[in-house]
Amino acid sequence: MIVWVKLFAAARQRAGTPATNFSLAEGATVRDLRAAIVQEYPTLADFLPHCRIAVDRDFAPDDHVLTETQEVGIIPPVSGG
Amino acid sequence: MIVWVKLFAAARQRAGTPATNFSLAEGATVRDLRAAIVQEYPTLADFLPHCRIAVDRDFAPDDHVLTETQEVGIIPPVSGG
Amino acid sequence: MIQLVHEPIDTQAILAAAAHPHAGAVVLFLGVTRQLTAGRETESLDYECYPEMAICKLRELEEQARAKWPLLHCVVVHRLGHLEISEASIAIAVSSPHRRAAFEAGQWLIDTIKEVVPIWKQENWQDGSREWVHPGTGLPKAT
Amino acid sequence: MIQLVHEPIDTQAILAAAAHPHAGAVVLFLGVTRQLTAGRETESLDYECYPEMAICKLRELEEQARAKWPLLHCVVVHRLGHLEISEASIAIAVSSPHRRAAFEAGQWLIDTIKEVVPIWKQENWQDGSREWVHPGTGLPKAT
Numbered sequence: 000m001i002v003w004v005k006l007f008a009a010a011r012q013r014a015g016t017p018a019t020n021f022s023l024a025e026g027a028t029v030r031d032l033r034a035a036i037v038q039e040y041p042t043l044a045d046f047l048p049h050c051r052i053a054v055d056r057d058f059a060p061d062d063h064v065l066t067e068t069q070e071v072g073i074i075p076p077v078s079g080g
Numbered sequence: 000m001i002v003w004v005k006l007f008a009a010a011r012q013r014a015g016t017p018a019t020n021f022s023l024a025e026g027a028t029v030r031d032l033r034a035a036i037v038q039e040y041p042t043l044a045d046f047l048p049h050c051r052i053a054v055d056r057d058f059a060p061d062d063h064v065l066t067e068t069q070e071v072g073i074i075p076p077v078s079g080g
Numbered sequence: 000m001i002q003l004v005h006e007p008i009d010t011q012a013i014l015a016a017a018a019h020p021h022a023g024a025v026v027l028f029l030g031v032t033r034q035l036t037a038g039r040e041t042e043s044l045d046y047e048c049y050p051e052m053a054i055c056k057l058r059e060l061e062e063q064a065r066a067k068w069p070l071l072h073c074v075v076v077h078r079l080g081h082l083e084i085s086e087a088s089i090a091i092a093v094s095s096p097h098r099r100a101a102f103e104a105g106q107w108l109i110d111t112i113k114e115v116v117p118i119w120k121q122e123n124w125q126d127g128s129r130e131w132v133h134p135g136t137g138l139p140k141a142t
Numbered sequence: 000m001i002q003l004v005h006e007p008i009d010t011q012a013i014l015a016a017a018a019h020p021h022a023g024a025v026v027l028f029l030g031v032t033r034q035l036t037a038g039r040e041t042e043s044l045d046y047e048c049y050p051e052m053a054i055c056k057l058r059e060l061e062e063q064a065r066a067k068w069p070l071l072h073c074v075v076v077h078r079l080g081h082l083e084i085s086e087a088s089i090a091i092a093v094s095s096p097h098r099r100a101a102f103e104a105g106q107w108l109i110d111t112i113k114e115v116v117p118i119w120k121q122e123n124w125q126d127g128s129r130e131w132v133h134p135g136t137g138l139p140k141a142t
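Chains as they are written, first to last, in numbering that gives the first Met the number 0: chain A, 0 to 80; chain B, 0 to 80; chain C, 0 to 142; chain D, 0 to 142.
Hints listed in this document are in silico derivations from the structure and should not be mistaken for laboratory results. The structure displayed is predicted, hence computed values, not measured ones. For each residue, glycine too, the CB sits at the ideal point set by N, CA and C. Check the hints yourself; a few may be wrong.
Mimicking DSSO-like on lysine-lysine, the simulated pairs with C-alpha atoms at most 30 Å apart in a straight line are [said to hold, decoys possible]:
(1) B:Lys-5 <-> C:Lys-67
(2) C:Lys-113 <-> D:Lys-67
(3) C:Lys-67 <-> C:Lys-113
Okay, the calculated bits of chain B under chain C, using three or more residues with CB under 8 Å as the criterion [as the list claims (entries may be wrong)]:
(4) 27-33
(5) 49-58
(6) 72-78
Turn these sequences into a full structure, and let the hints steer you where they fit.
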């Protein structure tokens, strides 16, 4: 399946793109996605562990199972307010 | 000595005047003033114990010694803000 | 800045007075005339004051707040006279580099003002009766 | 009321939106662009956002605040894009019958927004460098 991922702030800047996609096996989890991200974007390797992954606009744990239609985002530590 | 006293809110209303004066002995204290007030204004008898006395714009204890030139006020429980 | 005013409180002017280039946070508190108090309906309010002492006390409280918290500006404006429902009787604005100080100082100021500043509120109830609010006296109402 | 805006925040409109006849207290919090952070001088800020999720999260927080405190109105407006010094990046206004709820809810909202709402600040330092603010990462700056 193809999972689309949105990137923000320093994650976007380090990856050089605001959105990208990954080809993952059916049943892949957030943990698998994290591995795929680091493989394709080595510049995110030391930064991604500090980021949360959002699935359908809510923070998702690493064992969350992904599906193709979900909206996924890489959420660096926030600094709004 | 003559001590002038300002009255506010329900104290003013119960006494029927915004200011009054009392003839007190030299060395009279706030406690003596309280007694003089109740004697002249019986309508304040049950209310005055709830009031603080201000001398020169600060709250004064009952043993504070009064002088003629001081500014004295009867301060009912406040409800500003 | 400490003020007693007889006109509606200008919140924009107060926020402008609290602005500071080193401020990271501004907290504005407005005390407003509530329509319902313990189920009874208020028609309007009147505020009376001992102005010389109120100004002294408010200045003291500003000084104490500045000693407790690193405030950049501290603005307290109390309105006097006749107020309709939803009008502000008091505005407090404090600015500080960080937000916790601004929240704490704002709350401490309104809490302490309600204890020590000689200002009194008269409730004009919807049923036509009037009553001085003197917390803690538990006495029959003055006429 | 929850809003993300690209223009200066209109505090008068926000206070008007928080007004309510049963309100006895209104607390307005403004987060403003500070000139100095840990001794370094800021020239300006840029805010970036994941808007769909930010709106979702802000609505959740409003709901949680209303469950915790008896709020009459709860208004949160966050500004995005380029901000100069002393401009407000966020305004939170809450109204309640009594003041403690308004102070507590206002403080809880800003504290929680700073933890869970996907909005990011970029410092544009006076020396020309730019830096995303990502609390707790302790990493070398992104270029």
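For each hint, the structure was consulted:
no.	hint	in the structure
1	B:Lys-5 <-> C:Lys-67	33 Å, violated
2	C:Lys-113 <-> D:Lys-67	25 Å, holds
3	C:Lys-67 <-> C:Lys-113	19 Å, holds
4	27-33	violated (count 0)
5	49-58	holds (count 5)
6	72-78	holds (count 6)
In summary, the structure is inconsistent with hints 1, 4 from the numbered list given earlier, while agreeing with the others.
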